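These protein sequence lines are chains H and U, in that order. With my numbering, letter number 41 in the first sequence gets 42, and the count goes up by one each step, no holes. With my numbering, letter number 55 in the second sequence gets 56, and the count goes up by one each step, no holes.
Everything labelled a hint here was simulated from the structure, so no lab data went into it. In this text the structure is predicted, and so the values were computed from the model without any measurement. A hint or two may mislead.
What the hints assert, rightly or not - Mimicking DSS-like on lysine-lysine, the simulated pairs with C-alpha atoms at most 30 Å apart in a straight line are:
| id | chain 1 | residue 1 | chain 2 | residue 2 |
| --- | --- | --- | --- | --- |
| 1 | H | K319 | H | K330 |
| 2 | U | K151 | U | K101 |
| 3 | U | K215 | H | K300 |
| 4 | H | K148 | H | K319 |
| 5 | U | K101 | U | K215 |
| 6 | H | K273 | U | K215 |
| 7 | U | K151 | H | K215 |
| 8 | H | K273 | H | K300 |
| 9 | U | K273 | U | K48 |
| 10 | H | K273 | U | K148 |
| 11 | H | K215 | U | K273 |
| 12 | U | K215 | H | K215 |
| 13 | U | K273 | H | K148 |
Protein chains: 2
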Amino acid sequence: MTSVLLRQCLLISLLQVGLVSIAAAEDPLPSWNDGPAKQAILQFVAKVTTPGSPDFVPVPDRIATFDNDGTLWCEQPSYVQWVFAVDRLKELAPQHPEWKDTLLPLLSGEMSGKVKFSEHEIAVVVGSTHSGMTPDEFETIVSGWLKTAKHPRFDRLYTELVYQPMLELLAYLRGQGFKTFIVSGGGIDFIRGIPEEIYGVPPYQVVGSSGRVKFEFRDDIPVLIKGAAVQSIDDGPGKPENIELHIGQRPVMAFGNSDGDLQMLQWTTAGKGPRFGLLVHHTDAEREYAYDRDSRVGKLNVALDQAPSHGWTVVSMKTDWKQIFPLEK
Amino acid sequence: MTSVLLRQCLLISLLQVGLVSIAAAEDPLPSWNDGPAKQAILQFVAKVTTPGSPDFVPVPDRIATFDNDGTLWCEQPSYVQWVFAVDRLKELAPQHPEWKDTLLPLLSGEMSGKVKFSEHEIAVVVGSTHSGMTPDEFETIVSGWLKTAKHPRFDRLYTELVYQPMLELLAYLRGQGFKTFIVSGGGIDFIRGIPEEIYGVPPYQVVGSSGRVKFEFRDDIPVLIKGAAVQSIDDGPGKPENIELHIGQRPVMAFGNSDGDLQMLQWTTAGKGPRFGLLVHHTDAEREYAYDRDSRVGKLNVALDQAPSHGWTVVSMKTDWKQIFPLEK
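In isolation and in its complexed conformation, chain H is listed as follows (with noise of 0.2 Å):
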């Protein structure tokens, strides 16, 4: 071949296995404004990328972590889960009387505002409308419930809520090589449930809450069965326990909004080496929403005070991100 045929091969060989993208040369954040936390990304990436860097960072180890909730998705006002939670409760309760002085009261009480869970009725709601079936049914129970249910202000499915910034940063990270990770405070099967084209990450890439599932024989077939019994809450310190469970790595990347989250960034970005930690700050009420400190969902406070000394980028969503949401279809 001529040297110029080849080189239109060869780039025809690199745009097949993804590791050059015309559209990437360009600009791989293209919903990030041009501005410090942008900066920090490219120029992080850009560092633990290049062979030669004194930073640089070989594949095997590049592995990013992303908390879901307010992460990658709205959690206001209140956490997708819980709402589907609900809804479930509410589907179910024809068949179940012994709900009637129970849980429902509670139910009505938390509609309206009156009544907080605590944590064991929280564990009971979901334990009710969580066990007694195989994951798989679980997660087409999920997946057929996102199809369907709407978020009360912005009148869009919940997959339609989710970060079109995160959603390229999560697509470029894995452009770089990156293994991306979803850590979350939610059910690792609820998670799981969420379509795998709208986040890219395969359901052996999902770290979360789980119940123990039984393995069972229900007329003469093998099942697994989720039981109601809480075994991980993969929620501050459970994050990084759980990702060393999960995953067997530091991150060289961790990706939070809440203090729920600071134990896996105090963790990622203690590690020896380049570390990145970055923090969602949701300064948006317009677009979105506007809270932290006192939020009863999403709670940001440590974490929030902690970023500074340890480097952590903190974005603004008002001033970062160009665009909040997907542009609708």
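We have chain H already, so just place chain U on it with the hints.
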């Protein structure tokens, strides 16, 4: 480009992305004798990877799980992790006078074959030698030990007593779009201490037994510390349960060698669509070991009985494997 050049270009591209390999096109499993086991593997992989085939399995669903002890490496006369634990116990004993009347007598009884450790005692030995440090420190201890400890009969490193036919199988399946996972009864971070290049399986694709790891601060630095308490035994029914937790998908292919793999194979092959289960039967006392129904280590009894009715392939090490271990360097 001319069509010839275009074809060359396409071939180069495919070679680069690993979709085809000239060597693989010749014989992807050169250490397997031609016989029913090898044919079953090749025919199964061909039918699930051929586009348009009624049994075609999309790449994201191509999950293959491998037991480790006795399936990927030699487990006789003792599980390698047990040899490691005993070595550690002896090494640490001078710093632990309290072991003199408890652990060490058990140890000498065990070594002379007079005593069989109870599950509780095993937990004590493993807890004493596998806790109190960070997972990174532990993996460093393991990988250091693996560099020097030798098998009593073969006088080779344990990492040289991996099965060459299974290494070829791992690489072949990955080349066909499968994700290969290790699902071991051994400790998850013990397996992660085996150098990654041996099996080509990254840490986040290792599933195993685990102890609780705790996030805490030591000298103001966040660390994860391995606790002594066992969290999950990845054996028997624990295998499908942990596959669900870690992988979140039912495997398409599962490989084991003992009754500890029974439920993993049952669950795998009970799935809809094409599924493949395989048992390595240790039938070669001369080149390795011959054992099954009455073996203390790696007992294969119920699973062997169930293999025919489930359609599981049974590999006879003696007749199906041309070569057992990698050639000496």
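Cross-check of the supplied hints:
| no. | hint | in the structure |
| --- | --- | --- |
| 1 | H:K319 x H:K330 | 23 Å, holds |
| 2 | U:K151 x U:K101 | 27 Å, holds |
| 3 | U:K215 x H:K300 | 23 Å, holds |
| 4 | H:K148 x H:K319 | 29 Å, holds |
| 5 | U:K101 x U:K215 | 29 Å, holds |
| 6 | H:K273 x U:K215 | 20 Å, holds |
| 7 | U:K151 x H:K215 | 38 Å, violated |
| 8 | H:K273 x H:K300 | 29 Å, holds |
| 9 | U:K273 x U:K48 | 15 Å, holds |
| 10 | H:K273 x U:K148 | 25 Å, holds |
| 11 | H:K215 x U:K273 | 20 Å, holds |
| 12 | U:K215 x H:K215 | 25 Å, holds |
| 13 | U:K273 x H:K148 | 25 Å, holds |
The structure fails to meet hint 7 from the earlier list, while all remaining hints are met.
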